[in-house]
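For the record, the sequence lines run as chains A, B and C.
If you're matching positions, the first sequence starts at 1 in this note's numbering and goes up one per residue.
If you're matching positions, the second sequence starts at 1 in this note's numbering and goes up one per residue.
If you're matching positions, the third sequence starts at 1 in this note's numbering and goes up one per residue.
Source of the hints: derived by calculation from the structure; they are not laboratory data.
Just to be clear, a hint being listed does not mean it is correct.
In silico PhoX-like pairs for lysine-lysine, Cα to Cα no more than 25 Å straight-line [as the list claims (entries may be wrong)]:
id, chain 1, residue 1, chain 2, residue 2
1, A, LYS47, C, LYS296
2, B, LYS109, A, LYS51
3, A, LYS73, C, LYS107
4, B, LYS141, A, LYS86
5, B, LYS141, C, LYS342
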Amino acid sequence: MKKIKGISKEQVRHLAWLAKIDLSAEEEQILSKQIADVLDYFRVLDKVDTKNIEPAYLVRELRNVFRQDTARKANADEILKLAPTKKGRYVKAPKIV
Amino acid sequence: MRKGVGLIGVDGLGLKIGLEVHCQLTVLNTKLFCSCSSNYRGTEPNTNICEICTGLPGTLPVLNEKAVEAATKIALALNCKIAETANFFRKNYFYPDLPKNFQITQYDKAGGVAIAKEGQIGTSDGSIRIRRIQLEEDPGKLSYEGTIVSSPFALVDYNRAGVALVEIVTEPDLKSPKNAREFLQKLRSILEHIGVCDGSLEGAMRCDANISLFGGKRVEVKNISSFKEVERALNFEITRQKTMAKAAKAEGMETRHWDEVRRVTVTLRVKESEEDYRYFPEPDLVPITISKNYISKVKARMPELPDKRKERFVRDYKVSEEIASVLVGEKQIADFFEACVKSYTAPRLLGSWLAIDIIGYLNRSEKTFADIKFSPNNLAEIAKLVEQKQITDSGAKTIIIKAIEQGKSRFEIGKKEEGAITDEKMVMNAVKMVFGANRKAVEDAKSDPNAINFLMGQVMKATKGRADHSLARKLIQVELLAVQEPSRK
Amino acid sequence: MKAKSAWEIAEGTRDGSISPVETVEALFERIGEHDIEIKAFITTTKKLAIEQAKEIEKKRKAKQKLGRLAGVPIAVKDNICTQGIETTCASKILRGFIPPYDATVVKMLKEEGAIIVGKTNMDEFGMGSTTEFSAFFPTRNPRNTSYVPGGSSGGSAAAVAKELASAALGTDTGGSIRCPSAFCGVVGLKPTYGLVSRYGLIAYANSLEQIGPITRDVRDSSLMLSCIAAHDPMDSTNVGEKKDYTKFRDDVSRLKIGVPKQYFGEGTQKAVSDAIWRALKKLEDEGATIEEVDLKTVEYALASYYIIAMSEASSNLARYDGLRYGFQESSGARNWSTLFSKDRKIGFGFEVKKRIILGTFALSAGYFDAYYLKAQMVRSLIIQDFEKAFKKFDVLIGPTMPTTAFKLGEKTVDPLAMYMSDCDTVPANLAGIPAISIPCGSSNGLPIGMQIMAPSFEEERLLGVAGFCERELA
Numbered sequence: 001m002k003k004i005k006g007i008s009k010e011q012v013r014h015l016a017w018l019a020k021i022d023l024s025a026e027e028e029q030i031l032s033k034q035i036a037d038v039l040d041y042f043r044v045l046d047k048v049d050t051k052n053i054e055p056a057y058l059v060r061e062l063r064n065v066f067r068q069d070t071a072r073k074a075n076a077d078e079i080l081k082l083a084p085t086k087k088g089r090y091v092k093a094p095k096i097v
Numbered sequence: 001m002r003k004g005v006g007l008i009g010v011d012g013l014g015l016k017i018g019l020e021v022h023c024q025l026t027v028l029n030t031k032l033f034c035s036c037s038s039n040y041r042g043t044e045p046n047t048n049i050c051e052i053c054t055g056l057p058g059t060l061p062v063l064n065e066k067a068v069e070a071a072t073k074i075a076l077a078l079n080c081k082i083a084e085t086a087n088f089f090r091k092n093y094f095y096p097d098l099p100k101n102f103q104i105t106q107y108d109k110a111g112g113v114a115i116a117k118e119g120q121i122g123t124s125d126g127s128i129r130i131r132r133i134q135l136e137e138d139p140g141k142l143s144y145e146g147t148i149v150s151s152p153f154a155l156v157d158y159n160r161a162g163v164a165l166v167e168i169v170t171e172p173d174l175k176s177p178k179n180a181r182e183f184l185q186k187l188r189s190i191l192e193h194i195g196v197c198d199g200s201l202e203g204a205m206r207c208d209a210n211i212s213l214f215g216g217k218r219v220e221v222k223n224i225s226s227f228k229e230v231e232r233a234l235n236f237e238i239t240r241q242k243t244m245a246k247a248a249k250a251e252g253m254e255t256r257h258w259d260e261v262r263r264v265t266v267t268l269r270v271k272e273s274e275e276d277y278r279y280f281p282e283p284d285l286v287p288i289t290i291s292k293n294y295i296s297k298v299k300a301r302m303p304e305l306p307d308k309r310k311e312r313f314v315r316d317y318k319v320s321e322e323i324a325s326v327l328v329g330e331k332q333i334a335d336f337f338e339a340c341v342k343s344y345t346a347p348r349l350l351g352s353w354l355a356i357d358i359i360g361y362l363n364r365s366e367k368t369f370a371d372i373k374f375s376p377n378n379l380a381e382i383a384k385l386v387e388q389k390q391i392t393d394s395g396a397k398t399i400i401i402k403a404i405e406q407g408k409s410r411f412e413i414g415k416k417e418e419g420a421i422t423d424e425k426m427v428m429n430a431v432k433m434v435f436g437a438n439r440k441a442v443e444d445a446k447s448d449p450n451a452i453n454f455l456m457g458q459v460m461k462a463t464k465g466r467a468d469h470s471l472a473r474k475l476i477q478v479e480l481l482a483v484q485e486p487s488r489k
Numbered sequence: 001m002k003a004k005s006a007w008e009i010a011e012g013t014r015d016g017s018i019s020p021v022e023t024v025e026a027l028f029e030r031i032g033e034h035d036i037e038i039k040a041f042i043t044t045t046k047k048l049a050i051e052q053a054k055e056i057e058k059k060r061k062a063k064q065k066l067g068r069l070a071g072v073p074i075a076v077k078d079n080i081c082t083q084g085i086e087t088t089c090a091s092k093i094l095r096g097f098i099p100p101y102d103a104t105v106v107k108m109l110k111e112e113g114a115i116i117v118g119k120t121n122m123d124e125f126g127m128g129s130t131t132e133f134s135a136f137f138p139t140r141n142p143r144n145t146s147y148v149p150g151g152s153s154g155g156s157a158a159a160v161a162k163e164l165a166s167a168a169l170g171t172d173t174g175g176s177i178r179c180p181s182a183f184c185g186v187v188g189l190k191p192t193y194g195l196v197s198r199y200g201l202i203a204y205a206n207s208l209e210q211i212g213p214i215t216r217d218v219r220d221s222s223l224m225l226s227c228i229a230a231h232d233p234m235d236s237t238n239v240g241e242k243k244d245y246t247k248f249r250d251d252v253s254r255l256k257i258g259v260p261k262q263y264f265g266e267g268t269q270k271a272v273s274d275a276i277w278r279a280l281k282k283l284e285d286e287g288a289t290i291e292e293v294d295l296k297t298v299e300y301a302l303a304s305y306y307i308i309a310m311s312e313a314s315s316n317l318a319r320y321d322g323l324r325y326g327f328q329e330s331s332g333a334r335n336w337s338t339l340f341s342k343d344r345k346i347g348f349g350f351e352v353k354k355r356i357i358l359g360t361f362a363l364s365a366g367y368f369d370a371y372y373l374k375a376q377m378v379r380s381l382i383i384q385d386f387e388k389a390f391k392k393f394d395v396l397i398g399p400t401m402p403t404t405a406f407k408l409g410e411k412t413v414d415p416l417a418m419y420m421s422d423c424d425t426v427p428a429n430l431a432g433i434p435a436i437s438i439p440c441g442s443s444n445g446l447p448i449g450m451q452i453m454a455p456s457f458e459e460e461r462l463l464g465v466a467g468f469c470e471r472e473l474a
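Construct the entire structure; sequences and hints are all you get.
Here you go:
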């Protein structure tokens with residue numbers, strides 16, 4: 001298991017790239033420090049013995065919640081109306097490559 | 001022991017091919033997690049959407065029960081081990097066609113369990129192992145004005161977003177591009193037989209291929225739309241990688257895009273950074289349990305699969321293994337064949353027409369079975385004429401191919417053919433002569449349509465096969481009525 | 001004069017002694033007068049509210065059946081979708097987002113005759129404990145306006161405390177209903193995970209959060225819960241059932257109370273622990289038994305909670321890219337990736353960016369096992385600890401917050417200090433159990449909140465104990 005102490009600006013930059021958030025140089029600076037502090041705090045979990053413990057992905061023991069396969073027409077126009085930029089009925093996005 | 005695939009493959013290239021096939025569950029009425037219609041084809045952009053499949057804030061997914069049934073059927077058909085409990089994970093990545101910027105899918109690590117694993121499909125070049133099959137949602141569709149590179153923007157249509165997909169992942173067991181195509185054809189036929197995915201619909205089956213040579217790095221080829229293209233793209237990649245190897249250029253792991261028009265693979269993008277999908281369990285969905293009881297219920301409703309059907313064709317219709325294989329290669333063709341045989345029992349003749357002549361023509365001319373407009377009954381009629389020696393086998397084939405070529409729903413027999421007798425008097429004379437000589441058959445013809453066919457054969461014989469086919473049939477009917485009249489009085 | 005409770009307004013509206021239109025008009029007068037200072041609302045909906053009130057009046061005159069919340073003015077936290085009313089999560093990135101649908105709870109409230117008066121301020125996407133992390137403005141504590149109202153449902157709690165709404169909906173991911181309820185001196189209930197539908201609640205951390213009522217008394221809390229707890233097929237994790245929670249019994253004579261020692265740690269103000277112990281003595285006098293209990297794993301709850309919440313958030317908030325709704329940077333971006341990154345740079349506040357990046361880290365290849373997976377395993381241990389405790393005790397009682405409200409600006413500098421203040425509330429979210437915060441005295445004019453926790457789906461028991469305390473502590 002990898003626990004890290006501190007975090008480099010390069011790492012913060014990579015995470016920001018994964019999360020698609022532009023960071024200013026100042027933000028990068030403060031974030032690196034604050035993230036390091038928080039990650040450092042998270043290390044308290046190292047003290048807990050979790051051998052043979054299953055992760056609690058869900059609180060309730062629920063299984064098999066389904067929906068019938070019956071089609072329903074929705075308010076497509078109202079949803080499309082929300083998009084800031086459109087071309088005809090298409091949602092317009094910037095260049096792909 | 002498996003044969004063929006080792007580090008160095010049969011042909012010394014060390015060829016390793018694996019496929020990831022995405023199959024839409026076209027049998028479903030609705031999308032995987034919302035109640036929008038899954039039939040988005042031919043609809044105006046962004047009409048087939050709701051707040052859930054466009055990922056509006058606050059919305060939650062609820063699983064389509066029928067999707068689990070369809071996936072279970074696929075798992076059974078591919079001889080997979082079905083999970084007792086399966087769950088959903090999120091695959092996190094940004095892309096304009098992905099409404100939530102994550103895809104709900106299944107995973108096989110970190111406590112993730114896909115719906116089924118470890119199956120296989122037999123091919124003529126050995127058994128291909130299935131690593132796993134999983135349920136996931138389809139993204140929306142991007143289109144461009146011009147090409148992906150030249151277009152100043154992308155247009156997003158979310159009609160397809162959220163449609164149920166089953167992803168089928170193979171082990172790198174495929175021996176050659178041709179083998180890959182055969183595998184895909186077989187898979188398609190299986191899916192069509194169990195009635196979950198109509199492979200003839202555009203985009204219903206899509207494929208990514210992984211390929212590596214000489215134990216080199218794996219290259220992924222995306223955007224392959226048809227099985228023929230898979231074979232082409234793989235052949236291209238083999239040649240390209242061989243050339244690279246000769247030039248001693250090291251291959252990195254990369255993703256390439258199949259350009260169908262230019263028939264080359266191009267590198268998709270030089271990545272700024274390594275993508276990291278950050279899979280974790282989908283907190284808005286609960287796990288699925290698939291009981292033994294449920295599985296046996298689904299099993300009981302499983303239709304006949306292509307391999308069994310092929311055996312039956314060989315056993316019951318006495319067609320050859322090869323012909324039977326081709327016939328069951330596409331459910332539509334196998335169904336057509338059986339409908340023909342039901343109408344007129346000439347399975348060997350019909351089988352060979354369909355498997356060799358018709359499919360051969362379709363392949364050569366880049367047409368599909370959907371381009372055939374005549375009915376099985378029509379084809380059976382022609383077979384009957386051949387069996388009755390009214391037309392020759394090669395004449396029949398010419399007529400059939402011409403009908404496909406012209407998109408006709410009826411065959412044109414006799415008409416305008418060399419020396420066809422279209423003179424009503426001449427044909428009527430022949431009919432009268434035949435009636436005189438075959439009293440018993442005339443009597444039978446009142447109740448037995450087969451006897452009419454016999455009379456028809458006799459008329460053709462009497463005219464040395466030159467009587468206009470439809471005219472002769474019409475006059476036989478007329479004469480039959482005439483001879484029946486007195487007996488009614 | 002004490003303002004009428006939601007219960008009284010509904011009763012009066014039904015029997016015709018109260019005019020819903022007059023109630024609403026008077027309320028908006030109060031909002032006009034006080035919200036300039038308190039700033040509880042991001043959006044108010046006077047026109048719609050008066051229309052709704054008229055509708056109810058018409059119904060009453062036509063002798064049609066009126067709902068259990070007939071004519072009750074209710075404020076809704078701005079992360080709960082309201083059809084036709086802007087819903088922002090107090091974030092720039094959702095500015096202008098008008099949902100085309102109602103959250104299930106909003107639909108249910110309307111069916112019961114409730115009148116939506118506005119959308120309340122909060123920490124952006126629920127990420128904070130002070131409501132200072134709203135992208136728009138901070139909300140002030142009505143008890144003392146130099147102090148924060150708590151968060152993240154600070155606007156809802158402040159609105160109820162200042163009588164700018166008879167009741168409110170809040171959401172609680174790690175204490176976001178209970179914390180502001182404690183700080184503002186009102187009653188806040190976080191229901192059992194799965195009891196109330198999350199459909200229409202804009203997700204921060206799906207596996208932890210629930211919508212719940214913030215009210216001025218326990219009876220109103222029970223009334224609100226009765227109206228919003230029900231099965232919803234739109235939420236796969238929902239197991240709610242219709243039930244009348246107003247019939248709770250406040251008999252505590254045979255109650256077995258566990259007092260987790262971790263809830264009285266060194267960070268807890270003496271005034272707070274004293275107030276809670278005074279209440280516990282009252283309960284003991286009534287015949288309840290009090291026993292200290294050691295919930296060891298609770299010490300790790302905070303780290304486990306923040307890892308899980310941030311991880312889920314990093315994925316939930318990915319959808320805000322400016323394409324389909326909400327905010328989009330207008331200047332022509334080079335490509336989609338640039339546009340997304342710019343929209344998100346401008347659209348999200350600093351705290352949100354930080355949590356997204358931390359969550360991205362916790363889920364990333366190489367760190368998943370040590371952070372996300374580990375946190376979920378610790379969560380299992382916490383669940384087990386609570387299960388064990390509830391074998392012995394009917395309820396667990398401790399403070400809601402270790403301190404009274406913070407001064408404005410006090411916790412914005414040191415993020416860890418703010419996270420630490422959630423130590424008493426997050427365990428209930430991790431365990432999925434219900435918890436309520438009720439007023440329990442005050443210190444220097446700032447309210448103290450007492451927290452009662454019960455086993456899953458034992459809301460009625462929770463309300464009973466809360467009802468008793470409310471009566472006896474008044």
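Requested in this report: Just pull the numbers of the violated hints for me, sorted ascending.
Outcome: No numbers; nothing is violated.
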